[in-house]
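Engineer: In case you want the letters, here they are:
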Amino acid sequence: MTDLAHIRNFSIVAHIDHGKSTLADRLIQLTGTVAERDMQEQMLDSMDIERERGITIKANTVRIEYPAQDGETYVLNLIDTPGHVDFAYEVARSMHAVEGSLLVVDATQGVEAQTLANVYTAIAADHEIVPVLNKVDLPAAEPDRVKEQIEDVIGIDSQDACLISAKTGVGIPDVLEAIVKRLPAPKEGDRNAPLKAMLVDSKYDQYLGVICIVRIIDGVLKKGDRIRMMKTGGIYDVDDVGVYRPAMTHVKELGPGEIGYLNASIKQVRDTRVGDTITHEKKPCEKALPGFKPSVPVVFCGLFPVDANDFEDMRDAIEKLALNDASFTFEMETSAALGFGFRCGFLGLLHLEVIRDRLEREYNIELITTAPSVIYHLFTKDGEQRDLHNPADMPDMSTVDHIEEPRIKATIMVPDEFLGDVLKLCQERRGIQMDLTYVGGRAMTVYDLPLNEVVFDFYDRLKSVSRGYASFDYEMIGYREDNLVKMSILVNDEPVDALAMMVHRDRAEMRGRAMCEKLKELIPRHMFKIPIQAAIGGKVIARETLSAMRKDVTAKCYGGDATRKKKLLEKQKAGKKKMRQFGKVEIPQEAFISALKMDG
Amino acid sequence: MAEDWQNGGFGLYIHWPWCQSKCPYCDFNSHVAAFIDQDRWAAAYVAEIERMAALTGPRVLNSVFFGGGTPSLMAPETVDAVLTAVRRAWPLANDLEVTLEANPGSVEAGRFRGYAQAGVNRVSMGIQALNNRDLRRLGRLHSVEEARAAFDIARAQFDRVSFDLIYARQDQTLHDWRSELTEALEMAVDHLSMYQLTIEPGTAFGDRFARGGLHGLPDEDISADMYDLTQDLCGEAGLLNYEVSNHARPGAESRHNLVYWRYGDYVGIGPGAHGRVTLDGVKHATEAERIPGKWLENLSIHGKSESWEVLDGTEQALEMLLMGMRLGEGIDPARFAALNGAPLNPNAIDRLTEMGMLKPGPRLIATQQGRVLLNAVLRELVVE
Ligand SMILES: Nc1nc2c(ncn2[C@@H]2O[C@H](COP(=O)(O)OP(=O)(O)OP(=O)(O)O)[C@@H](O)[C@H]2O)c(=O)[nH]1
Ligand SMILES: C[S@@+](CC[C@H](N)C(=O)[O-])C[C@H]1O[C@@H](n2cnc3c(N)ncnc32)[C@H](O)[C@@H]1O
Ligand code: SF4
Ligand SMILES: [Mg+2]
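The listed protein sequences derive, respectively, from chains A and B. Start counting the first sequence at 28; every next residue gets the next number (the working numbering). Start counting the second sequence at 37; every next residue gets the next number (the working numbering).
It is worth saying that the hints were derived from the structure and are not from the lab. Just to be clear, a hint being listed does not mean it is correct.
Which residues of chain A face chain B? A partial, calculated answer using Cβ under 7 Å [claimed, not checked]:
{"hint": "1", "residue": "Leu-446"}
{"hint": "2", "residue": "Phe-555"}
{"hint": "3", "residue": "Lys-578"}
{"hint": "4", "residue": "Asp-579"}
{"hint": "5", "residue": "Ala-582"}
{"hint": "6", "residue": "Lys-583"}
{"hint": "7", "residue": "Tyr-585"}
{"hint": "8", "residue": "Gly-587"}
{"hint": "9", "residue": "Leu-596"}
The beta-carbon is built from N, C-alpha and C at its ideal position, and this holds for glycine as well.
The shape of chain B in the complex, shown without the other chains:
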């Protein structure tokens, strides 16, 4: 019998924890350091890849993702060492996707050719805003002009290029966003990620907000209008909203992120990386030490840094549901029932369908309205 993870495929996530400076909104596991020993990091990643491959055994690998932090601060040699180890570790899918997150500074752009040569075939660029005032407010080091230049270099180098924008920013109006989004759609190739600004606790924005600062954030109604506008304009441009914040031409979706949302297996390597790994039919959640220095140290002393936790069927079903419902394709309720040992509450499904939150049909799919209210929909589905 096929194992459940095969519904989503198998991916590898490599976390690079370093950035040039810390953005005020960012709660990713990213740090700033004066000096980075690239060789030591390369060796650590390679050792981890070998160790994990020994655990999983041979499996076809669908994707590799260098995330961060700012992976475009990695030396091309480091990326090359990692990908070389990957090729030795697992059999590769013919259409293996190798994505690297890049910041759009000029320094980074200089390394793009090296990444391509190492095997990277997709770049996701954090452009964040298309006006300089907002870039400054977001604490970004690059300007719009630099970003456009870096983006052009990336396009020349890679077939697949996506970029990220953050919207629903301070003092942004619906009108502002419409014109910025229109510009973005002119730039876009076949994939775009657009995130509404989230004020995360423990960040500089989070602190400012808690103290009553950070004025001019759009209210719920305006953010909802911005979200709707985004879906509409992207749709008209042929970029479908295949996930809550992600838009792509059909076939150009991020295969790596689809592994997460389809609740496949993924190995997570690097400080703070999470993984989901099925061993002997048992699904595990792994979580690595977050602090970069400690992560390296744990590896050299104990040969590993991550914790392992067994996920029972109910937990897996819940994770599968909350990831899968983000997708335009939704989930298969039979898969949920098989994991959970019991189906979802049919009354809740009926209620939500009647309210126009779910599409009628054999798969469980959120309507556009259901998607903007996904947290409430999920609560209704799982909390009886």
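Pulled out of the complex, with its shape left as it was, chain A reads as follows:
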């Protein structure tokens, strides 16, 4: 239990890869929170997939103790947040639990799209912001230019920005001092008032069940307390309370201003709602906290097991993953082409990849992923409205009055020399330019774009046309009507439902042609020639022909070769179980995703 004046709670925010997790490492290290021999790089990124990709996906909380230059020891609760736009809601949510932010900016890159987005969120959360210029060890670092940029673009004073290298440790003591001196202590908090705590996050632990991360506003939380979640109404007995150092460490109690965890034998993450208010069952607080906006999935796709026999295992795996991640949704789906699977909703493409990777790796299930799609609003002629998650479910056009699609506001920052290509890309993707300004030698443009043009490969394309220099952030801005149609793909005259997609009528020919060309490369030659067509309704708008295989025969086959050839055929027999047959044609699984990638 620490008095409020000696507590500092803050989040570390930045654009992707600007060094948040590395800075967290140094803070942990310099305060001796973890023994030197137990240190590892980006130690808070504990999931396999985080370590492998070198990115943060889940926000993490750590308590460190810092004996400051003023002779007092402070308790610092830091939250390391993810940088990727898919997980922006984690950043916003973390900010609600703390009073200040360290805004890390890579001094070789400068202000990027997520830097801006984070600043706006921090300002909305009423945060004190300390700018930290990182990577000054690199020769390409330009701290002065970046300082200027921060003042110009963001409008915050960067006079006292900390200049650091999270890698070498230069400047870290200044960061610690700045935290204590410049970030505010928690404002209010009455130890004797009824318990009022914010549920900041909840995660699933294989051994302990659901662990809740909480920020205490008023009152005291102890082991043995009977608590109530004010929104969900759930009542639980607290088995344990503690803090992360970063290992889970039991404490006797958590008091006002403190951040820690509680464990109360909650079964599923879904039983809790982040942003909920936790209070004592017997002596509740009067008013609940305002809560957070729930995260909503925006990208949908079908996931099917390559081997149809894996369906039940896949169901188990998805349910287990959902225990840990309330932000992804799933429901069963059947496809004429792919059999049984699930239609899943994600926060974005990275989130999709993460879930798919985990299913494949942790549960050993090979998956076919269908084209990502968004939720359309369908308005039928008889005045009804419904959501369309899957192009395959599109009813006959004659019954449809009009269709609305989700739009986003995209902010893109890019060096001037690549601006032309970036604008071209946005234009091609049906973007409407809303703003274009120059800030510190970089262009910043804001576009109103249809989400469906962005979900698939926009980010990759943006990176490639800007040689990696453009950065991108987006938020949803609502629905708007447009001339949208369902484009079907026919392989050997049979429609393949899993390849169907919604497109803008004006872009249909171009997309159709690109799809047919790609499929022609991806489908192996068969014994017969295969027409590949794109069609809208009954009308073919693009067509390619995959010519027939010409030669596939073993030149020599004598007495010793019978065994070898037999084994080969037996292997193919086993492999065939995993292949998907569409009429007479076999389509390799990677085709479902690769066919959608547009190169130009």
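With chain A's structure known, arrange chain B with the ligands on it following the hints.
Structural biologist: Below, chain B with the ligands without anything else, positioned relative to chain A:
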């Protein structure tokens, strides 16, 4: 009741594992050695023949084949010792075929008379190419001129002489192949084997190819055109394509290889040799130790070197199918059904017939188009 192997007859394969040098494309079990103890090899083959004959019991032997490696490096005495043992071991068919694979060097040609005297009545010569640039690229030690000379000597010595060519080589055009094939057909007696170059893993070509080298190999379309041209020109010359890569005047087919393709029984002797032997109505696959030194050693220590594996009906049916479909005469579907316990999928047969891959009729026969796509046809037939 007759046993299934009798549909194909009975042959003996003798593997001679030695060559003068290793060709870069070759994945046969062939090795280079400074010294070969011919007497020891002869004794080993003879002992093996006696042991196998004791297992099979008396059966009419239709053919003997000396393959390699380079059997024309065998001393005529070694060949003689083997054939003498063969005559003691099994009753011989009246038209017993005895083939020896020969390389077309001058040294080898000198031994042809000795082979003929020992009982060899057919020679299959590895000429491979009819131009010197390509022979060098294929790593061959002989020139076209030497090959032609050796071939003439062989013709004088043996009634039946065949030769092998490898085509679809680096930088070879359809036009090049047409003129080379025309020359080959002028040389040919009554049998020709023509193999499209296959890049085998584990060979020098295989390694080069895997590293992105070995440029100028014809693509699928050109190889297919070359194959078609080969069938057409051979057909016009009266050499029928009785097997995927083999052409003969009717009656001049390799009887030994027909034993394989008709899925008969064959005893395989020598390093790495495979056999198919029916004992008490049960068909077995045998496979001998590959390394020549170990093969000899196993024989002297354990009296044998090969493994035995029982083939069940399904496996036999599959092997019979994939060998038999290579032939112009195809297979009898009833034979497949009897071995397999169930017939081939009639839908697959219908589909393939409709596509023009199989000929309609009681026997299962690949059309010329089906033959070039045989692997795909077989997949379709057996993989449901
Ligand atoms: N040279 C140098 N490299 C650094 C420094 N700080 C971080 N890095 C490197 O930058 C990369 C990204 O660092 P992270 O700490 O994972 O960045 P992050 O902001 O947490 O990234 P996300 O969580 O994915 O948003 C890593 O390769 C770090 O080693 C620094 O001060 N100097
Ligand atoms: C056992 S080898 C011939 C034996 C003999 N040593 C010779 O080289 O003349 C049988 C035949 O297979 C063919 N052959 C071997 N390797 C081949 C390959 N990789 N591709 C195509 N044909 C091949 C050659 O035509 C060769 O003559
Ligand atoms: S092709 Fe013939 S000579 Fe060349 S290595 Fe193979 S077996 Fe020996
Ligand atoms: Mg990180």
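Engineer: All the hints need checking, so say for each whether the structure fits it.
Structural biologist: For each hint, the structure was consulted:
Taking 7 Å as the C-beta cut-off, the interface hint given for A/Leu-446 is violated, the closest approach to chain B being about 39 Å. The beta carbon of A/Phe-555 comes within 6 Å of a beta carbon in chain B, closer than 7 Å, and the hint placing it at the interface holds. About 4 Å separates the beta-carbon of A/Lys-578 from the nearest beta-carbon of chain B, less than 7 Å, and the hint is met. Of the supplied interface hints, the one on A/Asp-579 holds, with its beta-carbon coming within about 4 Å of a beta-carbon of chain B, less than 7 Å.
Taking 7 Å as the C-beta cut-off, the interface hint given for A/Ala-582 holds, the closest approach to chain B being about 4 Å. Hint on A/Lys-583 holds. Least Cβ distance to chain B is approximately 6 Å, under the 7 Å limit. Interface hint at A/Tyr-585: satisfied, since its Cβ lies 6 Å from the closest Cβ of chain B, which is below the 7 Å cut-off. The criterion of a C-beta within 7 Å of any C-beta in chain B is met by A/Gly-587, whose closest approach is roughly 4 Å, and the hint holds.
The interface hint given for A/Leu-596 holds, since its Cβ lies 6 Å from the closest Cβ of chain B, which is under the 7 Å cut-off.
Hint compliance for this structure: hint 1 is the single one not met.
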